[in-house]
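Chains as they are written, first to last, in our numbering: chain A, 31 to 409; chain B, 7 to 69.
These are calculated hints, taken from the structure and not from any lab test. Computed from a prediction, not measured in an experiment: that's the story for all the values here. Glycine residues also receive a C-beta, built at the ideal position from the N, C-alpha and C atoms. Please note that the accuracy of each hint is not assured.
Simulated DEER-style distance windows between Cβ atoms [as the list claims (entries may be wrong)]:
| no. | chain 1 | residue 1 | chain 2 | residue 2 | range |
| --- | --- | --- | --- | --- | --- |
| 1 | B | R16 | A | L284 | 38 to 44 Å |
| 2 | B | G35 | A | D79 | 28 to 34 Å |
| 3 | A | P114 | B | I38 | 53 to 59 Å |
| 4 | A | R389 | B | W62 | 35 to 41 Å |
| 5 | B | R65 | A | L150 | 49 to 55 Å |
| 6 | A | P33 | B | S12 | 31 to 37 Å |
| 7 | B | A55 | A | P90 | 49 to 55 Å |
Pairs of lysine to any residue residues, derived as SDA-like cross-links and limited to a Cα-Cα distance of at most 25 Å, are as follows [to be verified]:
| no. | chain 1 | residue 1 | chain 2 | residue 2 |
| --- | --- | --- | --- | --- |
| 8 | B | K57 | A | I366 |
| 9 | A | K201 | B | I17 |
| 10 | B | K57 | A | V380 |
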Amino acid sequence: MTPASLRGWRLVHRWTSLICSANLLILCVTGLILVFHHEIQHLMGEDLDSSYTEGQARLPLQSLVDIAQKADPALVPKLLSFDPEDKAVNYIYLGKPEERGFDLGRWVVLNGFTGANQMLKQPEETLVGFLLKLHVDLFTGFAGQMFVGVMGLLFVVSTVSGLVVYGPFMKKLAFGILRFGRGTRIGNIDLHNLFGVATLVWAFVVGLTGAILSFSPLITGYWQKTELAAMTARHPEPMTGPAVPIDQVAAAGLAAFPGKDLAFIAYPGNEYAGSRHFSVIVRGHTELTQRLLSVALVDAETGVVAEAAGTPWYMTVLMLSGPFHFGDYGGLPLQIIWALFTIVTGVVTVTGFVVWLKRPRARSTSDRTASGAKLGSKA
Amino acid sequence: MRGGMSGVWRIPAALAGLSVVGLAAAILGDGIWDWLCWTTLSVPLAVCAVKLWRQWPGRSASL
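Okay, chain B solo, but in the shape it has when bound (with noise of 0.2 Å):
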C-alpha cells in the first residue's frame, strides 16, 4: 500500500519518462540511438509482462 498521489504516480511517470526517451531516440539518429530506442521502450513492456507472470491464477503472489 503506497499513501499519497506521489506513490501512485512515481513508477507511471518514470515508464513514461522511458517511453518518451525511447519513441524519440530512434528518429535522431542510428547504431547507439537505435539501443537507446529499443531498451527504454522495452521497459514499459517488460514491467507488464513481469507483474503479468508473477501474479498469474495459481502461481504463489508475491508483489
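So here's chain A without its partners, still in its complex pose (with noise of 0.2 Å):
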C-alpha cells in the first residue's frame, strides 16, 4: 500500500468512527440490555400471554378477527400476524374500511389458543419498549431510523478502514500487545486494536444487519411496490360478492406451500393484498427457513390459489437480517456471547474515542523519536 493510500484509509477510519460514535454507544448500551428482551419482559410481568395446554385445538382464525374487531367495531381487520417463536400469539392488525395503508389503524394481539386480548402496551410504558425506541429511531420516527441506518452503514465502513489501519501499523508489534505503561494513548491504542480485530467480523455482521434492519420500511415497500403490485396487478378483477371464510383462505394458501407455516395474512384491498386477493404469506420451520418467505394469491369469492411465488432475494436478505443482528437463533449461550460481544464493541468505540482526543497537537513534537512519529499518524 503507498503511503498516500494508507493516509487515505487512516482518515476514512477516523472520521467514519467519530461520526458515528455517540450513536453507537447509545446502541451498544440498550443493545446489550435488549439482548435479553425476553428475559427482562419476563421478570417484568410485560411478557404476551401464550398460555394453552397440550393438545389444546387453535380457535379458527374467523373467531380470533371476531374477538378482535369487539375492540373496534368501527374498524376491519386488514392483516393477521403470526409469531414463528410463540404458536400461541396473534396480532391483527384492523383499520378504517378504506385504509390501505398501516397508519389510521390499531393492532390487537390475541392468544390463539384461548382468545385472551392483550393490551399491546406503547413503547414508552415498558422498559423494553423505550430501549427498542430508542436503539432504532432515537424517538423520532422514520426519519430517525434512517439516520440509524446511516450511522450503521459508518460503522461498517469503519469496521473495514479499521481493518486496513491494523495491518502497517502491527507490523512490528506482537499479535495483543498491551502497552498499558506506556501512556494513555499507547495502552489505548493497543486495546483498540486488540479488541477491534479480534472481534471484527461480529461487528461487521452485527453493524450491515443493523443497517439493513434501518432499512426494511424501504426494502420492503420496494417490495410491495415493484414484485407484489405487479403480481396483484396480473388479477385485477373487483369483488362482487361476499368472501370465503378467512379459515379456507388460511387453507388454500397452505395447501399451496405443502409443509410451511402462516405467516401474514393480507385482506384484499389492502397495499400488500390484491384488490380482491387475499396475499397468505407463508415460512418455513427450522432456524433458517422461517425467514424464508413465500406469498399465495387466494381469490376472495372462490377461496382458489390465483398465484403462488418466492420472494425476491433482498427480502430474504432483510429476513436473515434479524437473527444476525440479535443474536437470538442459538439459545441463552449465544445471547451471553451477544451480550459479550456488545461490551467488547463498546470498548473498542471508547478507546478509539480516546486515541483521537489525546492525539497529538504538534508534528514537531511527535517526530522527534522514530516511534513517537509512527503513533502520531496512527489516528
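Both chains are given apart, each in its own frame, so use the hints to dock them into the complex.
Structure follows, in C-alpha cells:
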C-alpha cells in the first residue's frame, strides 16, 4: 500500500468512526440490554400471554378476527400476523375500511388458543419498548430510523477501514500486545487494536444487518411496489360478492406450499393484497427456513389460489438480517456471547475516541522519536 | 516481534474464520450446530480476556 492510500484509509477510519461513535455507544448500551428482552419482559411481567394446554386446538381464525373486531367495531381486519417463535401469539391489524396502509388503525394481540385479548402497551410504557425505540429511531420516527441506518453504514465502513490500517500499524508489534505502562494513548491504541481486530467479523455482521434492518421500510416498500404490485396487477378483478371464510383462505394458501407455516394474511384492498385477492404469506419452520417467505394470492370469492411465488433475494437478506443482528438463534449461551461482544465493541468505541482525543497536536513533538512519529500518524 | 504481513494477519485471520463458522453454525441447525457456534464464537472473546488479564497493569508482564 502506498503511503498516500494508507493516509486516505486512516482519514476514512477516523471520520466514519467519529461521526457514528455517539450513536454507536447508545446502540451498544441499549443493545446490550435488548439482547435479553425476553428475559426482561418476563421479569417485568410484560410478556404476552401465550399459555395453552398441550393438545388444545387453536381457535378458528374467524373467531380471533371476530374477537379483535369487538375491540373497535368501526374498524375492519386488514392483516393477520403470526409469531414464528410463539405460536399462541397472533397479531391482528384493524384499520378504517378505506385504508390501504397501516397508519390509522390499531393492532390487537390475541392468544390464538384461548382468544384472550392482550392490550399492547405503548413503547414508552415498558422498559423494553423504551430501549427498543431509543435503539431503533432515537424517538424520532422514520427519519430517526434512517439516520441510525446511515450511522450503521458508517460503522461498517469504519470496521473495514480499521482492518486496512491495522496491518501496517501492527507490522512490528506482536498480536495482542497491550502496553499499559506507556501512557494513555498507547494503552488505548493497543486495546482498541486487539479488541477491534478480534471481534471484527461480529461487529461487521451486526453493523451491516442493523443497517439493513433500519432500512427495512424502504426494502419492504420496494418489494410491495414492484414484484408484489405486479403480481396483484395480474389479477385486477373487483369484489362482487361476499368473501369466503378466512380459515378457508389460510388453508388454500398453506396447501400451495406444503409443510410451511402461516406468517401473514393480508386482506383484499390493503397495499399488500389484491383488489379481491388475499395475500397468504408463509414461512418454513427451521431457524433458516422461517426467514424465507413465499406468497400466495387467494381469490376472496372462490377461495382458489390464483398465483404463488417466492420472494426476491433482498427480502431474504432482510429477513435473515434479523437473527444475525439480534443473536436470538442459538439459545441463552449465544445471547450471553452476543452481550459480551457488545461490551467489547463498546470498549473499542471508547478507546478509539480516547486515542483521537489524545492525538498529538503538534507534528514537531511527535517526530522527535521514531515510535512517536509512527503513533502520531495513526489516528 | 513478527516480521512481514503474514505474521500480522495469522491470528486475526484465524479468529475471523472461527467467527464466520460460529455465526453461520447456529442458523443451520440445533444441538451440535449450537455447540459449534458457542465454542467457536467464544474464542475471540477468550483471546481478548486472556490478553487483557495477562497484561493488566501491575501484573508481571508475560505475553
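Numbers of the earlier hints that this structure fails to satisfy, in rising order: 1, 3, 4, 6
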